[in-house]
Amino acid sequence: MRNIGTASGAKEAGLVAVIKNPVIWADVPDPSVIRVGDTFYMASTSMHSMPGCPILRSKNLQQWELVNYVFDWLEDNDGHRLLDGKGIYGKGSWAPCLRHHNGLFYVCFSSNDANRFYVYRTSDIENGPWERFVMEELLHDPSLLFDGDRVFVIYGNGGIRIRELTADATSFKPGGLDRLLFETDREGIALRCEGCHAYKLNGYYYLFFIEWPNTGNRRRRQLVYRSRKLEGPYEKRIVLDDDAGYFNNGIAQGGIVDTPDGDWYAVLFQDHGAVGRVPWVVPVSWQDGWPVFGIGGKAPRTFTTSLPPDDRVRPIVTDDEFDYAENRLAPEWQWNHRPDPRFWSVTARPGWLRLTAGHVSRSVELAPNTLTQRTMGPACSFETRMDASGLKPGDRAGLAALQAFYGTVGLHAGEDGRRSVAMCVRGADGGDEIVEARPFDGDVIRLRIDFDFAQNRDTAVFRYAADDGDWRTIGRPLKLKYTLDHFMGCRIGLFCFATRQTGGFADFDYFRHEIGKR
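Going by the numbering used here, the residue at position 431 of the sequence shown is 431; the numbering climbs one at a time, nothing skipped.
These are calculated hints, taken from the structure and not from any lab test.
It should be emphasised that the depicted structure is a prediction, and the values quoted were computed from it without experimental measurement.
Treat the hints with caution; some may be incorrect.
[Stated by the list, open to error] Derived CB-CB ranges, DEER-like:
no., residue 1, residue 2, range
1, G158, K479, 42 to 52 Å
2, G427, G262, 16 to 26 Å
3, G427, Y324, 49 to 59 Å
4, A465, G158, 45 to 55 Å
5, G175, I238, 32 to 42 Å
6, W286, K229, 14 to 24 Å
[Stated by the list, open to error] In silico EDC-like links for lysine to aspartate or glutamate, alpha-carbon gap of 20 Å or less:
no., residue 1, residue 2
7, K392, D416
8, K392, D441
9, K91, E137
10, K91, E136
11, K59, D147
12, K479, E415
13, K86, E75
14, K229, D147
15, K86, D429
16, K173, E131
17, K517, E415
18, K236, D319
19, K479, E436
20, K392, E415
Where a beta carbon is used, it is the ideal one built from N, C-alpha and C, also for glycine.
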């Protein structure tokens with residue numbers, strides 16, 4: 001296995017990609033990356049966002065674009081539809097593993113709320129369709145391992161298990177291997193090994209994990225176990241224990257991938273406060289059959305590769321004028337939970353997104369059909385223009401900073417026909433708490449939220465303007481928080497929900513954003 005190197009001709013010509021970490025300053029957690037030919041593909045956790053399990057594509061590990069999702073929806077029940085009063089926040093699809101074998105692409109993951117293990121496969125990763133196979137068991141952070149004509153899944157937290165699948169990887173193999181592989185360290189460890197990424201390379205089996213010590217630096221770190229035999233015994237090393245100077249948040253959890261030139265990289269992630277878990281790319285070299293992560297034991301913020309630059313890539317957060325001939329959306333959009341297709345449209349009023357209040361809710365967190373994108377660091381702003389003439393008394397519509405401790409800015413329709421523009425947060429009872437409301441005349445309003453994620457400042461400021469007026473700040477700055485109940489970075493969302501009666505609607509003319517500089 002070749003050490004990290006350079007393609008001298010391309011490098012001398014300046015035609016190489018420079019890795020700048022994080023490569024995506026947005027919530028793309030649990031990355032699983034493969035290479036097919038000269039193209040890299042990544043799968044990532046999506047939890048309660050639908051469509052789910054995004055597939056990203058890159059030519060150089062730096063610029064990534066969304067090309068597909070593995071599924072439109074995962075399960076058909078009130079929790080997944082956000083109709084049970086609590087939803088599946090922090091659940092849904094966790095920690096996918098992406099693999100390519102004999103011309104087929106495979107993605108596997110587990111879902112904590114469904115207590116199931118899923119395998120999806122397709123011959124066309126960018127277009128699908130995906131075949132779905134379900135096994136009634138929860139396998140924590142699974143990794144597929146194709147070994148000759150046998151297929152295994154390795155999984156677990158602390159106790160690492162191996163289970164054999166059928167040769168097509170679509171079900172558990174009757175009578176196949178099913179055993180505890182080994183126990184990982186307990187002493188001095190707060191979170192034992194999990195997040196498996198399994199490989200067979202040059203006669204060794206390599207299993208990558210993370211663990212979280214409760215002594216020393218007390219941060220997430222990356223480990224590798226290796227063995228000449230699948231069933232062990234395994235020896236281990238810590239391959240990366242570094243936070244790049246960022247609040248003791250270790251860069252870890254992910255796997256490795258090679259380039260067409262034979263260089264190796266690890267694709268990991270780092271906790272970045274309220275914006276979420278952001279992917280890092282770290283160079284990998286090899287010594288005596290062991291992978292060596294980073295440069296001098298550190299994860300570099302910037303380094304040069306032998307891969308080509310690619311400025312044609314579409315960013316994973318995008319503007320939208322909602323100008324569609326068919327009732328579909330750009331791939332950067334995801335719904336908060338499984339949407340109800342009866343209550344949204346981009347064709348009912350051409351050039352506008354219409355969100356209809358199809359259900360009565362008490363907060364944006366519990367409102368179905370909220371349409372979301374990721375926020376991005378180090379700073380970003382989002383703006384929309386909304387026509388509220390279709391709202392019914394009690395309706396609320398606008399722009400949301402969506403997380404457990406959310407904030408919204410939008411219009412509230414009163415019983416007397418009057419409207420107010422309001423900034424709301426999550427109250428102590430879990431419903432909307434109005435921080436400030438002001439009378440607003442007219443049907444059309446512009447709304448904006450400005451985010452600052454630099455150095456974990458994690459704040460959002462809420463603004464509004466009449467159609468021809470200046471921006472005015474309303475409410476108070478919101479301190480954003482990454483919490484494990486949502487287990488997701490803050491999202492920007494467009495919403496419309498009813499508090500009294502269904503059938504009202506809001507029309508959104510456009511969605512625009514700006515990203516601040518690093």
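List of violated hint numbers, smallest to largest: Of the numbered hints given earlier, those the structure breaks are 1, 2, 3, 11, 12, 17, 18, listed in rising order.
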